[in-house]
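Numbering (this note's numbering), first residue to last: 4 to 980.
Derived by calculation from the structure, the hints in this document are not laboratory data. Hints should not be assumed to be uniformly reliable.
Derived lysine to aspartate or glutamate pairs resembling EDC-like cross-links, with alpha carbons at most 20 Å apart [as the list claims (entries may be wrong)]:
#: 1; residue 1: Lys929; residue 2: Asp909
#: 2; residue 1: Lys929; residue 2: Glu939
#: 3; residue 1: Lys744; residue 2: Asp728
#: 4; residue 1: Lys350; residue 2: Asp374
#: 5; residue 1: Lys766; residue 2: Asp803
#: 6; residue 1: Lys350; residue 2: Glu337
#: 7; residue 1: Lys832; residue 2: Glu978
#: 8; residue 1: Lys431; residue 2: Asp458
#: 9; residue 1: Lys744; residue 2: Glu845
#: 10; residue 1: Lys832; residue 2: Glu789
#: 11; residue 1: Lys282; residue 2: Glu310
#: 12; residue 1: Lys929; residue 2: Glu779
#: 13; residue 1: Lys832; residue 2: Glu973
#: 14; residue 1: Lys929; residue 2: Glu836
#: 15; residue 1: Lys744; residue 2: Glu836
#: 16; residue 1: Lys431; residue 2: Glu459
#: 17; residue 1: Lys744; residue 2: Asp713
#: 18; residue 1: Lys232; residue 2: Glu303
#: 19; residue 1: Lys766; residue 2: Glu778
#: 20; residue 1: Lys929; residue 2: Asp960
#: 21; residue 1: Lys232; residue 2: Asp211
#: 22; residue 1: Lys595; residue 2: Glu557
#: 23; residue 1: Lys766; residue 2: Asp713
#: 24; residue 1: Lys350; residue 2: Asp434
#: 25; residue 1: Lys431; residue 2: Asp16
#: 26; residue 1: Lys350; residue 2: Asp257
#: 27; residue 1: Lys232; residue 2: Glu288
#: 28; residue 1: Lys832; residue 2: Asp760
#: 29; residue 1: Lys350; residue 2: Glu469
#: 30; residue 1: Lys929; residue 2: Glu845
#: 31; residue 1: Lys431; residue 2: Asp443
#: 32; residue 1: Lys832; residue 2: Glu845
#: 33; residue 1: Lys595; residue 2: Glu613
#: 34; residue 1: Lys929; residue 2: Glu959
#: 35; residue 1: Lys744; residue 2: Glu629
#: 36; residue 1: Lys595; residue 2: Glu629
#: 37; residue 1: Lys431; residue 2: Asp558
#: 38; residue 1: Lys595; residue 2: Asp558
#: 39; residue 1: Lys350; residue 2: Asp463
#: 40; residue 1: Lys744; residue 2: Asp558
Because the structure is a prediction, the values reported are computed rather than measured.
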Amino acid sequence: MIPDDLRVAGFLDARRALSFLEELPAGQSWVGDLSASADPDQALLQAVRLREADPGLVDALSRDERARRRVCAILGGSQWLGDYVIADPARAAAINEDPGDPREVLYEAVGVRTVGRGVWVAAREATADDLRAAYRRVLLHLAADDLTSGTPEDIMPSLGARIADLVDATLDAGLALARRDVDPEGTVPFAIIAMGKTGARELNYISDVDVIYVAEAGEDGDERSALEKATRLASATASACSGPGTQAPLWTVDANLRPEGRNGVLVRTIESYRQYWDKWAQTWEFQALLKARACAGDPELGRAFEEAAQPYVWSASAREGFVEAARAMRRRVEDNISRSHASRELKLGRGGLRDVEFTVQLLQLVHGRTDAFLRVRSTLDAIEALREGGYIARSDADQLASCYRFLRAVEHRTQLPRMRRNHLIPDKDCDLRVLGRAMDPARYPDADAIRSAIDEVRADVRALHEDVFYRPIIAATASLSEDEASLHAEGARDRLAAIGYRDPVGALTHIAALTQGTSRRAAIQRHLLPVFISWLANGADPDMGLLNFRVLSEDIGESHWYLALLRDSGMAARRLMTMLPNSRWIADALAKRPEAVAWLDDDAELAPREPQRLTREVAALIDRHEDATEAAARVRAVRTRELTRAAMSDLLGGVDPRGHAIADATDAALLGALAIAGREEAERWGSERAHVTFVAMGRYGGRECSYASDADVIALHEPVGGASDSEAAASATAIVNRVKKLLGSATSQLGIVVDLDLRPEGKNGPMSRTIASHEEYAQRWASTWERQAAVRARPIGSSDLDERARALFESMAYREVSESEVRDIRLLKARMENERLPRGSEPARHVKLGPGGLSDVEWTIQLIQMRHGARLPALRTPSTTQAIAVARDAGLLAAPDAEILLNAWDLATRIRAGNTLATGRMSGVKLDVVPRDSAELSALAAILGYGSGGLTALEEDWLRAARQARNVMERAFWEQQ
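Please take these sequences and the hints and turn them into a complete structure.
See below:
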């Protein structure tokens, strides 16, 4: 064998290794086993030293492949354990001999016997050194199993449990030594309660052993004397493990988790613990009790302590501020890490073990109140229980468990070399290389490989921690009382009635339908519904909200993403529960487009799409679908989708009276339908005969249309391809009629009523005209009201025809207005007020035609535009609000008057949109009225952002705004002073 071979085998100093191998019997036979260890150079050096101490042992190992492999693993994996064996080579036998039950080994080491009530007492000649030697004998075999395992992550859970069992046995044997010296007759009932990782059976090789102590009065009933004796037992037990002796101390026995910490008494009775928990315990102390486990001493007393602690543990999350206190504690732990160590801190740092443990424990404590399956101590067992219960996604649970096993295995490997309590990732490449090889020489052959793996795992852990630990659903669940958190508790019907459900029996039926069965879907619903029921109760109609949620869940509940989104998202569930009890419109829309629920998790998905983006999307859809009916369905679907997006945004952020999303989506749909109809007409005749465009009118022209608005348009065309005027007119008429049919078809997508009644000559006039024909009509026969209507004209395309149409309507609207025309406008407004208000409607509550309503505001500003638009180009806008702002800036409206008009217009627009969203109606006179019905008014008030008592406030706000707007209108329109 040459040095290069040894370098390939993992030896850094190959020449020295070659020399050392010559000192070992059958030296080359050792290379494979030394190479498999964490540090082959160290293992070889230790093997040479071991031969110097006991040549016969090393000769025997050269012939026993299994024994040699395990010894080499110890020598290369832990310098401390190697030195321990070399100091007394007889200890090497423990590496290969299974010691059996650690409790029997430790008991035998201290020669226990039973006295009194079956209490163990050590032999007179036994010492703490006997205890420690027996502990390390078992530990050597355990470490050899670990270091020769193929994947440390896989053995980690059982390894932590085996170390914890060894510690339990050691504490019990140490207590037997203490009994012998303090209470040889075993008169005092005394138990040791393991806490933290000891309690969870997740111990490291070297870790403080967290405990608390409990005792009771003996048969004589003298509690004071019993506690004094129990305190001495506790101190003596700890000393046996970590006090002076020939053998090095094992680990620190830490009792600082006891009530009042270091300042508190060392031992208490169960009743004393209860009193402390009732009166003074802080939130973190109940979290710590989650891991409490009787591990040594009187088993009956230990079980009694566990039973006493359980109610406190599983009711802790109901304490005020529990979740925030837990989160704050995690932040404090992180903030207190030394800056120089923060990036290397494996236990407490970002993405470290504490991120996993705090996340899991918070979920356990919040949901464990009502789910006994979560009441487990082990972190990995808890992750599995949370996974099976549907509290976290399967993928998240798998990743969290995998990361935790990896980090714990790394922690073990960082402690083994020197057997020191250590949670810092090595900072030297040489030490990192050893760590990587200790984990897996093939996967992590060098420092960079293991460093990258640790960084990646910590990043994954941190992302999961921040996602899960800070979910609003956790705090919301914790805020529920125990009865509220249980769906099937007695009195559920009364609780539902008390929080606002009008039909509690019906609500219970919906709850039962959503939660029955043993499926994962039902399990997730069971822990989400208590919170959802409470959130729905904040809406106008909780019963409707719950029904809507049931319908939606039954439609898409089997989809893997739906319930996971509601459980895991920081905002989706709360947003959905805000919409469903207030809006019939959105419930119907989501039933047709359930995938829109996913938008609730992303603010960007709720933002309106740019008009150009919609136009490009529609054009692409038309190109992909040759069939006109199919293409039109896709076009309508785009508009329906955008209306749904706008509705969700309005319901969650408040109705935006000046938003353009609906108009933009309608533009895209009309342009798309024009393209489809034009394509059909061209195919019919072999070439295109007419180019048609639409001019949006009225509120649609101002990009101010709402959910129930028709698309008021005027069609214009021009001949193309050498077609005659009559041929072009015929094709234009066919195209317009086809557009109306394509967009108005009854399907699951919302149709558009394309209304051309504002065209010249109304219903008696041609469906479409040329620019010249329309211009001639305007000059010769147009009425004053048609001039006024032209103020709101907006061609929806961008072609040359659209530009000429824009110029045409501007010339109609913005020329000198005669006094007779002003008189005509005023007479028409007066007639509208007298004739158009629906029979039986209260004028003061009608937001469109009543005093101070939309009509008053729009007619006022349109008259100003017509009078001054010729000299002020900025006034030539179809937008009501923009025109008011320009008139104000130009001094044509006083600033206070402009603000009044804008306020009335905004509120009226919001009320109309809110009525549609609340009721789901797409037509009817009620959409323009502030409702009298309390249920409808309550839903409208909720949608518009009015809180408790909002019904009266909404009515008062509208009546005040309308009254003020009417006063401005009388001055500015009627010119009454």
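Verification of the supplied hints:
1. Lys929 - Asp909: Within the cut-off at roughly 18 Å; holds.
2. Lys929 - Glu939: 10 Å, holds
3. Lys744 - Asp728: 24 Å, violated
4. Lys350 - Asp374: 29 Å, violated
5. Lys766 - Asp803: 27 Å, violated
6. Lys350 - Glu337: Holds, because 10 Å separates the two Cα atoms, which is no more than 20 Å.
7. Lys832 - Glu978: Distance of about 14 Å is within 20 Å: holds.
8. Lys431 - Asp458: 16 Å, holds
9. Lys744 - Glu845: 36 Å, violated
10. Lys832 - Glu789: 14 Å, holds
11. Lys282 - Glu310: 19 Å, holds
12. Lys929 - Glu779: 40 Å, violated
13. Lys832 - Glu973: Distance of about 12 Å is within 20 Å: holds.
14. Lys929 - Glu836: 17 Å, holds
15. Lys744 - Glu836: Not OK: Lys744 and Glu836 at ~34 Å, beyond 20 Å, violated.
16. Lys431 - Glu459: Roughly 19 Å between the alpha carbons, so the hint for Lys431 and Glu459 holds.
17. Lys744 - Asp713: It holds: about 14 Å lies between the C-alpha atoms, which stays within 20 Å.
18. Lys232 - Glu303: 19 Å, holds
19. Lys766 - Glu778: 19 Å, holds
20. Lys929 - Asp960: 19 Å, holds
21. Lys232 - Asp211: 24 Å, violated
22. Lys595 - Glu557: 13 Å, holds
23. Lys766 - Asp713: Holds. Lys766 to Asp713 sits at ~16 Å (cutoff 20 Å).
24. Lys350 - Asp434: 18 Å, holds
25. Lys431 - Asp16: 18 Å, holds
26. Lys350 - Asp257: Given that 20 Å is the threshold and the Cα spacing comes to 18 Å, the pair holds.
27. Lys232 - Glu288: Outside the cut-off at roughly 26 Å; violated.
28. Lys832 - Asp760: 19 Å, holds
29. Lys350 - Glu469: Satisfied, since the Cα-Cα distance of roughly 17 Å is no more than 20 Å.
30. Lys929 - Glu845: 11 Å, holds
31. Lys431 - Asp443: Roughly 18 Å between the alpha carbons, so the hint for Lys431 and Asp443 holds.
32. Lys832 - Glu845: 18 Å, holds
33. Lys595 - Glu613: 24 Å, violated
34. Lys929 - Glu959: 19 Å, holds
35. Lys744 - Glu629: 17 Å, holds
36. Lys595 - Glu629: Judged against 20 Å, a Cα distance of about 25 Å means the pair is violated.
37. Lys431 - Asp558: 57 Å, violated
38. Lys595 - Asp558: 10 Å, holds
39. Lys350 - Asp463: Judged against 20 Å, a Cα distance of about 15 Å means the pair holds.
40. Lys744 - Asp558: Not OK: Lys744 and Asp558 at ~31 Å, beyond 20 Å, violated.
This entry does not satisfy hints 3, 4, 5, 9, 12, 15, 21, 27, 33, 36, 37 and 40, going by the numbered hints stated previously.
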